[in-house]
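Trainee: Sequence:
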Amino acid sequence: MNLHDLNTQARAGHVQELNLIAIEGGDYLLEARVHGRPHPLADVRGRRLRAHSLDEARGWLQRLPDMPLNLVHWSVQDEMCGMSGTPEEDLKMPISRRSAW
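Residue 28 in numbering that gives the first Met the number 0 sits at position 29 of the sequence shown; the count goes up by one each step and never skips.
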């Protein structure tokens, strides 16, 4: 899904939320949840859309209809030695579409 498709789906009311997923190196990937399924956002070449900051991602989304936006950090429990075998949840926090500055 690209930003144009996301806009179309959002205007039709099909997008439940957007997730800004933090990855190694301080970058973020965007994912839309449509009908309960994840849809990674892609650029015009079909590669995963990667933002280098929260403000860059917010800039891409400013012309889209309002919808919930979450910052997601994957759980590191499974990568740490000595941690219990119980599954841990990812950290998912709602954030504003507008900059706090």
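Hint data in this document are derived by calculation from the structure and do not stem from the laboratory.
Remember, it's a predicted structure, so these values are computed and weren't measured experimentally.
The beta carbon of each residue, even a glycine, is placed where N, CA and C say it ideally should be.
Careful, some of the hints might be misleading.
Claimed, not checked - Subject to a maximum C-alpha distance of 20 Å in a straight line, what follows is the list of computed EDC-like cross-link-like pairs (lysine to aspartate or glutamate):
id	residue 1	residue 2
1	91	54
2	91	4
3	91	42
4	91	23
5	91	26
6	91	65
Said to hold, decoys possible - Distance ranges between label pairs, derived from CB positions:
id	residue 1	residue 2	range
7	89	49	14 to 22 Å
8	52	73	26 to 34 Å
9	90	10	27 to 35 Å
10	92	43	14 to 22 Å
11	36	3	27 to 35 Å
12	23	64	13 to 21 Å
13	16	41	16 to 24 Å
Trainee: Evaluate each hint against the coordinates.
Mentor: Going through the hints against the structure:
Straight-line distance between C-alpha atoms of residue 91 and residue 54 comes to about 18 Å, which keeps the hinted pair within the 20 Å bound. Restraint check for residue 91 and residue 4: the C-alpha separation of about 24 Å exceeds 20 Å, so the hint is violated. At roughly 24 Å between alpha-carbon atoms, residue 91 and residue 42 are farther apart than 20 Å, so this suggested pair is violated. Proposed proximity of residue 91 and residue 23 is supported: the alpha carbons are some 16 Å apart, at most 20 Å.
Distance hint between residue 91 and residue 26 is fulfilled; the C-alpha atoms sit about 16 Å from each other, no more than 20 Å. Of the pairs offered as hints, the one joining residue 91 and residue 65 holds, with about 18 Å between alpha carbons and a cut-off of 20 Å not exceeded. Look at residue 89 against residue 49: about 19 Å separates their beta carbons, and that is inside 14 to 22 Å. For residue 52 and residue 73, the Cβ-Cβ distance of about 19 Å falls outside the hinted range of 26 to 34 Å, so the restraint is violated.
Distance hint check: the CB atoms of residue 90 and residue 10 are about 30 Å apart, consistent with the given range 27 to 35 Å. Distance hint for residue 92 and residue 43: a CB-CB separation of about 30 Å, inconsistent with the stated range 14 to 22 Å. Taken as a hint, the range 27 to 35 Å is violated for the pair residue 36 and residue 3, whose Cβ atoms sit roughly 19 Å apart. Remark: the range hint 13 to 21 Å for residue 23 to residue 64 is contradicted by a beta-carbon distance near 31 Å.
For the pair residue 16 and residue 41, the beta carbons lie near 18 Å from each other, so the given range of 16 to 24 Å is met.
Checked against the numbered hints above, the structure violates hints 2, 3, 8, 10, 11 and 12; every other hint is satisfied.
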